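Work out the full structure, taking the sequences as your base and the hints as a guide.
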Amino acid sequence: MPDSKNRSHSAASSHQVSDLPSASEKNSRLNDSIAATYDRKEREKGLIKDALSPSESEGANMTEDDQPTAEQKPQWDLTGQGVDYPNPLLDCLVLLSKFFSNPYTADAIRAGLPITDDLMTPDLFKRAADRIGISTRFVKRKLPKISHMVMPVILLLENQDACVLLEINEKEQTAKLFRAESGEGEVFISLAELEQSYTGYCFFVKPKFRFDERAQENQYSKSHKHWFWGTVTRSWRIYRDVFVASLLINLFATASPLFVMNVYDRVVPNNAFDTLWVLAAGAAGVYLFDFLLRTLRSYFIDIAGKKSDILISANIFARVNNIKMASRPRSVGAFAKNLQDFESIR
1255 MPDSKNRSHS
1265 AASSHQVSDL
1275 PSASEKNSRL
1285 NDSIAATYDR
1295 KEREKGLIKD
1305 ALSPSESEGA
1315 NMTEDDQPTA
1325 EQKPQWDLTG
1335 QGVDYPNPLL
1345 DCLVLLSKFF
1355 SNPYTADAIR
1365 AGLPITDDLM
1375 TPDLFKRAAD
1385 RIGISTRFVK
1395 RKLPKISHMV
1405 MPVILLLENQ
1415 DACVLLEINE
1425 KEQTAKLFRA
1435 ESGEGEVFIS
1445 LAELEQSYTG
1455 YCFFVKPKFR
1465 FDERAQENQY
1475 SKSHKHWFWG
1485 TVTRSWRIYR
1495 DVFVASLLIN
1505 LFATASPLFV
1515 MNVYDRVVPN
1525 NAFDTLWVLA
1535 AGAAGVYLFD
1545 FLLRTLRSYF
1555 IDIAGKKSDI
1565 LISANIFARV
1575 NNIKMASRPR
1585 SVGAFAKNLQ
1595 DFESIR
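If you want the numbering used here, it's the 1-based position in the sequence shown plus 1254.
In short, the hints are calculated from the structure, not lab data. On a predicted model such as this, the values are computed, not experimentally measured, just so you know.
DEER-style ranges, computed between Cβ atoms:
#1 Trp1531 to Thr1487: 45 to 51 Å
#2 Glu1424 to Ser1567: 47 to 53 Å
#3 Asn1576 to Ile1503: 42 to 48 Å
#4 Arg1573 to Leu1397: 35 to 41 Å
#5 Ile1503 to Pro1523: 31 to 37 Å
#6 Trp1483 to Phe1442: 50 to 56 Å
#7 Phe1442 to Glu1412: 18 to 24 Å
#8 Ser1567 to Phe1497: 21 to 27 Å
#9 Thr1487 to Asp1384: 18 to 24 Å
Here are the simulated DSBU-like cross-link-like pairs (lysine-lysine), alpha carbons at most 35 Å apart as the crow flies:
#10 Lys1462 to Lys1430
#11 Lys1462 to Lys1560
#12 Lys1425 to Lys1462
#13 Lys1352 to Lys1430
#14 Lys1396 to Lys1380
#15 Lys1380 to Lys1425
Just so it is clear, CB atoms sit at the ideal spot from N, CA and C, and this is done for glycine as well.
Structure follows, in structure tokens:
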């Protein structure tokens, strides 16, 4: 019995010894656990890096075409910067208003003017200068013949450019200018270079004389004509020619009864065919001139009507834009109704 117990105990102990892992198995398991722990820590580091710097992770995922190359140059950040487009005559007028101590902005000068393609024409320049109290005169004159007494002068240059001529130094053969590109800075160039770009046309500009306020009413009544009749009388030469044409057309209307009476009284009884041909040629000439005069009369009446229409409309809306706030009607509807009445008269 004791032998059997010892045998069973030895068998059990041997079985337990066989179940214990060997040293190599322990080392392999330890290496696996270390590798798993290292992989877990690396994954955690990668997640933290992606969360903190997404731009770097996006850059790592970019393809070779998306990566910035050495040929690409850095660019200026122009967001929020206003770009000024060239408008030489408008810029010169702004500089002149400051030069004459009556400053105006470009937007204030441009308001109410039919400027197309953001470029002020010489005709619009005269209108804009008159509105801000500057008298202008458009002349053709060579550069050496421009006197010092009329300066400053606006010179029209080639390529639709312009500048303000301030002074000419004949000894040094230089000219002092205001250029739109230089802002309010003075520019000195040689007279030879200026003559090459000068077109020969210029504006003489001077500030208008300001009358005493006590004489303002009299001056207004003399210089400002009636808004309707003053505009109509500007085309009085056309209406004069139309009146003469109408008189001749009414005289030509008597040619038809005279021709018929002469044919029945003299041609038919005497069988005078030669007289008939002469009368027919005269009547045909009268009818031809009558047709030409009627056509020309209609044409000139249309021209005068369109001219008066444009001038009256411009005058009315210019007065509306320049009206003082204290003189405006309280009711906007009544003000609009008055404008409609003016339109019906026009």
